[in-house]
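Based on these hints, arrange chain Z on the given structure of chain D.
As a plain string of letters, each chain reads:
Protein chains: 2
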Amino acid sequence: MLEIIKSRKNEAVKLAAKLVDSASFRRKKGLFVVEGARLCCDAALSNIEIISVYFTLAAQAKYEAYIAKIMQRCHFCQLVEEHVAQILSTTKSSQGVFCVCRIPDESHKLINMNPSGMYVALEQIQNPANLGAVLRTAEALGISGILLLGDCCDIYSPKALRAGMGAVFRLPCYMEKDTAVAVKQLQNMGFTAMGAVPAETAQSILTTHFSKPTVLLIGNEGNGLTETAIKACDISVTIPMKGRAESLNAATSAAILMWEMVRSKIQQKPEETSCR
Amino acid sequence: MLEIIKSRKNEAVKLAAKLVDSASFRRKKGLFVVEGARLCCDAALSNIEIISVYFTLAAQAKYEAYIAKIMQRCHFCQLVEEHVAQILSTTKSSQGVFCVCRIPDESHKLINMNPSGMYVALEQIQNPANLGAVLRTAEALGISGILLLGDCCDIYSPKALRAGMGAVFRLPCYMEKDTAVAVKQLQNMGFTAMGAVPAETAQSILTTHFSKPTVLLIGNEGNGLTETAIKACDISVTIPMKGRAESLNAATSAAILMWEMVRSKIQQKPEETSCR
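The listed protein sequences derive, respectively, from chains D and Z.
Just so we're aligned, residue 1 is where the first sequence starts under my numbering, counting upward by one.
Just so we're aligned, residue 1 is where the second sequence starts under my numbering, counting upward by one.
This is chain D alone, in the form it adopts within the complex:
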């Protein structure tokens, strides 16, 4: 039987709570916190290193199967009282299961990207729910990975993790502060860099060929791509529309752009799909 942490002043709990609250602390420690039985189990079943798991007695009873799987891949397991679990939670009705995980140290090495892959790069994206939604869609559609350029919101924030439904554990994610440097490196690796813009003067994605390895750059929710990013790209592309183009939200634009990127690949390989 595990001992129960009864105090919010427990050092391990205080560290975890600070990881939940602060993006800069997460970066400093190289750690982040996952909340929820299913999401923690997703992390455990992926290549993410689980440092510790905390759960309440109620959670132990309710999510027994999930917690058993998590405990198999975890260095340190600990029961916590409900009022202790509360300081780790960012949800209204917490499931009472939390993992402290290590941020993969591969995240800054663009050189490890698959040179024949299809990638999406998000520049200065600010809304963690949007970021999570893009990750989730990217994984669903078979995109090779995600790049975060400039000052993006934190991919390991509670909101982004929740919206991403665990995609961040399985999808390679790369980060680079300097967009121009990143695009140059990608081009040197053989990628075509395409900048998605709302301008009607850009090339329609309907006439764009995604046959070569491509990185598609998508900009900030309010302001789009920076001038630096647009200039660095090989080409600007746009979603042609009959309706009110300005009202397509960031995650939905990204979904349509990603769909167009993978669409031709799916068509090329009918044996992998259900085309009849």
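Simulated from the structure, these hints should not be mistaken for lab results.
Owing to the predicted nature of the structure, the values given are computational and were not obtained by experimental measurement.
Where hints are given, some of them may not hold.
Since the list gives no way to pick out one identical chain from another, each pair is judged satisfied if it fits inside one copy or across any two copies.
With a straight-line Cα cutoff of 30 Å, these simulated BS3-like cross-link-like pairs (lysine-lysine) come out [claimed, not checked]: (1) Lys9 <-> Lys265; (2) Lys159 <-> Lys28; (3) Lys18 <-> Lys212; (4) Lys242 <-> Lys109; (5) Lys231 <-> Lys29.
Showing chain Z alone in chain D's frame:
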């Protein structure tokens, strides 16, 4: 100078507050409440009938231009104190602008649909944020209108209105409780009814022609379309995927399906787009 409502017990305010809270009361009265300066202005500039507008002194100063436009198309204008405005608000930081609007009475007349249009029908959709997102995307992509089949969440709920960014004011929306009856009527009007399903045995949307007037049926977030709906449709279609298909969310699936519906129309009419 307008008088100020100082009491939360004011009858008009109490009615508006009840409209905010209760979907059944909205249906009973045929009225709904819009919150936010921009969204209220959107309603005023569309064909929605504005019964009354309520705003705080702070809002009057801050959103003068919006409020002027709203007042031009409104039967009754009234200042309210901050604490009165609070009982009408469902947001953390309210702008203090609210309109009581009339639900269009055209909403049950499928016969008024454009017989050469492209429509999306949502069956038993439960999440108002998803519903709003689908409406917003539908408008952006130039879909002709939306049908709500079975027991859907309320299109006039505060969350759905906010997520929809005013699309509900401009996009024709039709409602019908009985899916089989609705599909039969649509087929009699000349529409092809397509049911979107996750099954690999369904026809890929990549090989589906949307040249005829079409209604695409999309099901509930968790359970998909009902058997009744699938049987009533002329054909089942699916999004072929290489990735983890199960993790595409309802609003994103709908966006990709709608994009495929309108994609060929955009391609057929290059003069309307920016294809170069």
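Margin query: If the cut is 30 Å between Cα atoms, do lysine 242 and lysine 109 qualify within a copy, between copies, both or neither?
Written below: between (40 Å within a copy, 25 Å between copies)
Note to self: I want to check one pair: lysine 159 and lysine 28. Are their C-alpha atoms no more than 30 Å apart within a copy, between two copies, both, or neither?
What the structure shows: Within one copy, since 19 Å is at most 30 Å while 37 Å is not.
Checklist line | Homomeric proximity label, lysine 18 with lysine 212: Cα distance no greater than 30 Å | finding: So lysine 18 and lysine 212 fail the 30 Å test inside a copy (43 Å) and across (57 Å) alike.
Next item on the list: At 30 Å max between alpha carbons, let me know whether lysine 9 reaches lysine 265 within a copy, between copies, both or neither.
Entry: Neither way: lysine 9 and lysine 265 sit 54 Å apart in one copy and 62 Å across, limit 30 Å.
Next item on the list: Since the copies are identical, ignore which copy is meant and state whether lysine 231 and lysine 29 lie within 30 Å (CA to CA) inside a copy, between copies, both or neither.
Entry: The answer is neither: 35 Å in one copy and 55 Å across copies each exceed 30 Å.
In terms of the numbered hints stated before, the structure departs from hints 1, 3 and 5, listed from lowest to highest.
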